[in-house]
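Engineer: Spelled out from the first residue to the last, the chains are:
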Amino acid sequence: MSGEVIRRARGAVAALVLAGLVVAPWVVDDYTTALLARTLALALVGVSVALLTGVAGLPTLGQTAPYAAGAYACAVVGSRISDVGVVQLVVAAGAGALLAALTVPLVVHARGVIVLMITLAIGELVVTVLGRWRSVTGGTDGLAGIPAVRPFWGLPALASDQARYLYALVVVATLIGVVLVLLRTRAGLVLRAGRDDETRLRASGHRVALHLSGAHIAAGAIAGAAGSLLVVAQQYISPADFGFDTSALLLLGVVIGGTASVGGALVGAALVIAVRDWLFGVLPGYAPLVLGALFVATVYLLPTGVTRARGRLRPPAAPAHQPTAAEQATVPELRR
Amino acid sequence: MTLLNAQEISVRYGSLAALDGVDLCVHDGQRHALIGPNGAGKTTLLNVIGGSTRPQRGTVRFDGRDVGRLGPGARARRGINRIHQRPAVFPTLTATENVVVAALPRVIARRRWWPGGRRRAAQHLAGPLLEQMGLTAVAAEPAGHLAHGQRRQLEIAMALAGRPRLLLLDEPASGLSAIEVGRLVELLQALPRAVAVLLVEHRLDLVYALSDTVTVLRDGQTLAAGTPDEIRTSPLVRQAYADGVA
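Chains as they are written, first to last, in this note's numbering: chain Y, 24 to 359; chain D, 101 to 346.
Isolated chain D, as found in the complex:
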């Protein structure tokens, strides 16, 4: 079933067309990757879907509803969560508090009329998520004290705490060591299938390991779309990546 349907998306910055009539469809539970050379429009498309950039043309429908006029917060409440290129955490809050804050908007509202009920429910959610990310030992540490890789893991825990239906990942491996990337791949592969993933990543080994569908952008337009194997062997894509990285 189609979860996200972006059609005819166009974004211009002055005379530069960052996106020019791009279509993108993500289904429930799908792992979809966006690749392309620098300046292809990958992050701009992620911004449009996340709500931080308003396209000049085109529609974005999520779960059958037009979300084009909604900001990032309203989209997050509907189930679109994002992980940024630079881990965005609350540095003076502990790791647990970070997850609690992220969980609050979508935590089960049944206990909301009890004083502190929602926070307690969010705290119950935080423990297992931090454990899943391997952050239990630093749960009481301020997030600002954590290493880059741990902050990335914390951000994933925060995104999952919001119970997303679509997770937008913007170069999640950026700045991570090889070992941390390995850990990240494990974490992302273990994500529940109820969560669809839209991944923007330069590292093609990561893309092929994590995705079941790949869309290639070049100069703001869709160049190709298909399974990782189809993309890997596509002459068009090989030409786009002129050095033959694919």
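One chain only, chain Y, in its complex shape:
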């Protein structure tokens, strides 16, 4: 298959999935609709993890930190100041970006496993603070009774699971569109170059730390916005929503889906949630085992993730360029 055919097939699959997600609330029950809304929130955090891990080359176990910051900021604003969704979304994204900005000095100068350790520590610290700062966060009891959100001023509150799900879907689709556009800009190109060879990028005169800081803050804003969607979906939050298991599941999902693509992050997050929450009912107690087996199988068989499996399942395609006779004559090593 040529690259063009694959691109079209991917586009068709994405359109089908989107159509399926739009009609889902009229097909499945309320419980599944609410679960899908929470999955969308987690998938958006997964996108932020993929942005850091696959595009910027900073593997992270700490995206639950801006996710939590966004969720709690949204919950506090929703309970005390405004029930308008746009306001909550902006505040949540801002809180996530702010927390990410504060942790920039710790994260962007480290690499590899050290980044994992630092971000893990940041995530755990945030969960500890959430558990202890009772006056604002409600401690380990969390915050309950958050009023239903209204998307814009003058619109009715979203009282049903279906309405909340569709709100989450619109926000997630919009933000993913923004991310995809940004990845095609100069910033995305430079981040991909840095993932390939950071030393070379620096030698070209680029300020690598500045680019990574921007990516870290942008990923924080996305995770913060996802936190707002979690609040909208379940109208209750507690530190348990942001523990290490959530961080690990997110990274697991992104690795399974494919770290280098937004689609991979979405597929991975959906797979992980499906295995964790649906399989829980079918195979009680075995869901973590299935997830572990899935992870091992993916890393072993499809190291670039299920959405980028072509290179592993098929022999690599020959380069598209076929040299002219003149080129063959002058560059004999070209076809080695």
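Quick caveat, the hints were computed from the structure, so don't treat them as lab data. A virtual CB, placed ideally from N, CA and C, is assigned to each residue, including glycine. Take the hints with a grain of salt, since some may be wrong.
Per the computed footprint, the stretches of chain Y lying under chain D, defined by three or more beta-carbons under 8 Å from a beta-carbon of chain D, are [unchecked claim]:
hint, region
1, 207-220
2, 225-239
Distance windows between CB atoms, simulated [to be verified]:
hint, chain 1, residue 1, chain 2, residue 2, range
3, Y, 40, D, 244, 29 to 35 Å
4, D, 138, Y, 204, 47 to 53 Å
5, Y, 311, D, 228, 53 to 59 Å
6, D, 303, Y, 40, 54 to 60 Å
7, D, 166, Y, 204, 42 to 48 Å
8, Y, 200, D, 108, 56 to 62 Å
9, Y, 315, D, 244, 30 to 36 Å
10, D, 138, Y, 230, 32 to 38 Å
11, D, 168, Y, 102, 53 to 59 Å
12, D, 185, Y, 311, 47 to 53 Å
13, Y, 200, D, 185, 41 to 47 Å
14, Y, 152, D, 294, 55 to 61 Å
15, Y, 137, D, 279, 42 to 48 Å
16, Y, 221, D, 125, 30 to 36 Å
Fit chain D to the given chain Y structure using the hints.
Structural biologist: For chain D alone, coordinates are given in the frame of chain Y:
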């Protein structure tokens, strides 16, 4: 006019003196070659000038300013670009994207406030450079798919995209076939005179074809300096290259 002035450069690795009080001067537009036996300190001196090695002693001035405390990135922004012994490209990016990335830091900033303006300006720069290097046919190919010689040409295009004033070439012919070396010599001879070149190369035929000044290093010290003809006939140099390659 003096572009680069390195004075009294000393680098030690433990008890080994890789460079011991070396002076080097490169003028605007000059083609300057560094030669010497293995271990003479050529690449170390290139590293010092490029900013990847900090000397224990000595100063490096570029365009009249002390750049001794600057790293490779800051020196690249001032106009010192380097081509490595092994071609360093971004393998998952296309050839065009490689040149665009290299061009971005120094691309004319006039359009920087337009969304995408700098990238568009860099893209306009990439096409002619790839054509000049004979890479137009593979412009859309990922750099990782290119042959070694093409990657070398791409790296030169990337270095030129940064609009350098001094190009550091570390054994550019390494790993190339005879035909590719011929093509490389043509490309390097066609470099604009606004770009000064500091070349480290073992192949003396290449050195004499490309340079107008040659400095010979041995054991971390300057053995001789002069025109290619002077170096070719120097008894000191012949002795250094005991097998008489020069």
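Engineer: Each of the hints needs a verdict: does it hold here or not?
Structural biologist: Comparing the hints with the structure gives:
no., hint, in the structure
1, 207-220, "holds (count 9)"
2, 225-239, "holds (count 7)"
3, Y:40 with D:244: 29 to 35 Å, "holds, 30 Å"
4, D:138 with Y:204: 47 to 53 Å, "holds, 52 Å"
5, Y:311 with D:228: 53 to 59 Å, "holds, 57 Å"
6, D:303 with Y:40: 54 to 60 Å, "holds, 57 Å"
7, D:166 with Y:204: 42 to 48 Å, "holds, 43 Å"
8, Y:200 with D:108: 56 to 62 Å, "holds, 58 Å"
9, Y:315 with D:244: 30 to 36 Å, "holds, 33 Å"
10, D:138 with Y:230: 32 to 38 Å, "holds, 36 Å"
11, D:168 with Y:102: 53 to 59 Å, "holds, 58 Å"
12, D:185 with Y:311: 47 to 53 Å, "holds, 49 Å"
13, Y:200 with D:185: 41 to 47 Å, "holds, 44 Å"
14, Y:152 with D:294: 55 to 61 Å, "holds, 57 Å"
15, Y:137 with D:279: 42 to 48 Å, "holds, 46 Å"
16, Y:221 with D:125: 30 to 36 Å, "holds, 33 Å"
Hint compliance for this structure: no hint is broken.
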